[in-house]
Amino acid sequence: MNAGKSPVDNEEADKPVLTRRLDNMFFTLYDVSNFVVRFFKEAFSPPIEFKETVRQCYQVGYRSLGLITLTGFITGMVFTKQSRPSLEDFGATSWLPSLISIAIVRALAPLVTALIAAGKVGSNIGAELGSMRVTEQIDAMEVSATNPFKFLVVTRVLATTFTIPILAMYTGFVGLMGSYLNVHQNEETSLATFFEGAFESISFLDLFSSLIKAILFGFTIGMVGCYQGYNSSKGTEGVGRAANAAVVIAMFLIFIEETIVVQIVAALR
Amino acid sequence: MQKPKVHIDKDKVVIHIRNLVKSFGDLHVLRGIDLDLYNRENLVVLGRSGTGKSVLIKIISGLLKPDSGLVNVLGEEVPLLNTRDLDKLRLKIGFSFQNSALYDSMTIRKNLEFPLVRNLRNLTRKEINRSVEQVLDAVGLLHTINQMPAELSGGQRKRVGIARTLILRPEIMLYDEPTAGLDPITCIDINNLINEVQQRYNTSSIIITHDLACAKQTGDRIVMLLDGQFKRQGSFEEVFDTDDERVKTFYDYNFLNQ
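Residue numbers (my numbering), protein chains in the order written: chain E, 229 to 497; chain P, 26 to 283.
Simulated from the structure, these hints should not be mistaken for laboratory data.
Nothing here was measured: the structure is a model prediction, and the numbers come from that model.
Some hints could be false.
The calculated BS3-like cross-link candidates involving lysine-lysine, where the alpha carbons are at most 30 angstroms apart (straight line), are [said to hold, decoys possible]: (1) P:K30 to P:K83; (2) P:K90 to P:K113; (3) P:K256 to E:K348; (4) E:K269 to P:K28.
Which chain E residues face chain P? A few, computed with CB under 7 angstroms, are given here [to be verified]: (5) T363; (6) E364; (7) Q365; (8) T374.
Idealized CB from N, CA, C, for every residue including glycine.
Chain P extracted, bound-state conformation:
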């Protein structure tokens, strides 16, 4: 399925990263990353496991501190923010985790309510219920509202995870391996949902994946992370039009696994 056309506002940069470096002991994960995410753009970060893709979005959301470099999100310098300002910024960023990270001890309703009731304390019960039902309906899972996360399938959990981030109407969405561990049909559903979110909620997104189908279906632009740096970037075809063996191997491996 082709990605629907979306107007990307190239005059407005929502994430601006320059010379980002991050190491864990002797392991140098990110070695000078430069990145600009434009308003309403879906940017896919491709790369093998362990290349630091998730580290990148954890730095953007303030979960990890960079060793050096500039990380500017919606005009705010993330590593320099105090807790209160970082929390304010986080309300504008949705983070969809690889394993959904739904709260096991809460029903789906409580999971979705959690960010709402904790951050928008003046909402009435009626307003909370309406918001929860709206986002659950948007991901097609209204009927699971009173179920526990353990009762849902992997694909349903991913959808609920995305719904939970959408409830605060974020401007930026960060997807960590959205299709990992899902069957091909569910992968297509999730990819469609990512595009729907972009269109309906006007979000700008970074999608971390090693799944080429996901990259092709959701990405307006693709960057490839190799040796801690972005080596290739452009459209899907541009990224893979190269003689670089590592990029070709990556393509062939995905192709053989489709």
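Next up, chain E with everything else stripped away, as it sits in the complex:
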């Protein structure tokens, strides 16, 4: 099997440059960078897979809408309920709409949406592409002269990048409605007064940074899910691993991105 190579040569070749773990990490980083670069190359070169991208947008939105509605509403309502006692001590419950809207718009809406989408959509993308890889469906696309990267990866990453900001806006709205319900029950505030208070403290920078975060989160969820699924191997075990890694890595990256964007926005403010 090792024709032409002495055992010493093989040992030399097997020796890690740094440590095996660090070597693997750099190899993976190189691989991921190539994957991202390929995405941008393919995304901006014709033909554009418009129909499939729209179909994927629908899938991403449809898959997460129910859970996002429920979670967003409960988050808004519970956050208001938990914040009330602290403000009541200072007789400042009228600040509730503005406090809640700042929390929801700046942090909760994009974050909650992204975490739910990572679990729901990211795992689905990882498992779907992983199973396509191990059952040779991706190879079948390639031999029928279709670019599987463009058809499967580019469309899904674009779909999550476009759809998650829209879902985040929706989560924000639903969250504020949940909050309004609690405020209305206690203070009998009207909807117009509530939203007037809520938007009083929201700046353009808040909305813009929230949108940027949601776009980043969407891109991350799509990219991680596709990378894990597209490069899946080792049969059904590999599919499970791809789905799991798609969620765990995406969530980890989402928190890192959140931290970085918050620092940048704080510096700009």
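Here the structure of chain E is known, so what remains is to put chain P in place on it, guided by the hints.
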């Protein structure tokens, strides 16, 4: 069942391979393969699992790159082609996968339409429907047109997989283990279908298998892959008329399993 006689055009070589080498790390899979596939010929590549049979046809279709050697398909040097030219060549090559590789999320109709609508964009809906129905009818599965792949049996999936490759009217067919995992009766059906495809569509084919019944029934010529090289070639009888223990063991094992 005897294989029907087909006129093989030995003046026209459709696949020409010389000194093909492919390794995966320390695993040397193909060690200098030479192969010529003639026009309208069914060539069977026999060999045990893991000997690199599938690697060979994946290199021919451009799914894998060889380490070295000449791979010429229909006059094109496959490893040197850019993506656009490789895609053009792929329209002339049909690849039937071991597990059929049907798209799970699409109906049979959509599966068959997929290569058509993506490659021949000027077709009308009527023309697409007619092509889909024609090839499905050719493999005897027109009634499954609106079903999902998961609803079909293994043999039916193989047939649909073959139909999907036929829809683009390929000049070369590559079959990867066409009878693997099928019962003996379905195997005979698939073997007959491979012969029918050769006759009706005038294709030249490479059939990768370790099933001797399939080799005997479909092959105009048989080559045997041993230690990464073609050790024996000729008719079925010629290949197995040898004292080589590995070839005899292969024959005996298949015989005992029939």
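Given hint P:K83 paired with P:K30 - CA-CA distance at most 30 angstroms:
28 angstroms, holds
Regarding the hint that E:T363 lies at the interface with chain P, is the smallest CB-CB distance below 7 angstroms?
6 angstroms, holds
Can the restraint linking E:K269 and P:K28 be considered satisfied, given a maximum Cα separation of 30 angstroms?
49 angstroms, violated
Interface hint compliance - E:Q365 to chain P, C-beta minimum distance less than 7 angstroms:
Holds, because the Cβ-Cβ distance from E:Q365 to chain P comes to roughly 5 angstroms (cut-off 7 angstroms).
Quickly compare the C-alpha distance for P:K90 and P:K113 to 30 angstroms and report which way the hint goes.
17 angstroms, holds
Below or equal to 30 angstroms on CA atoms is what counts here, so check P:K256 against E:K348.
53 angstroms, violated
Would the stated hint for E:E364 survive a check requiring a Cβ distance to chain P of less than 7 angstroms?
4 angstroms, holds
Checking hints one by one. Is E:T374 an interface residue toward chain P, by the C-beta closer than 7 angstroms rule?
5 angstroms, holds
Violated hints, in rising order: 3 and 4; the structure is consistent with all others.
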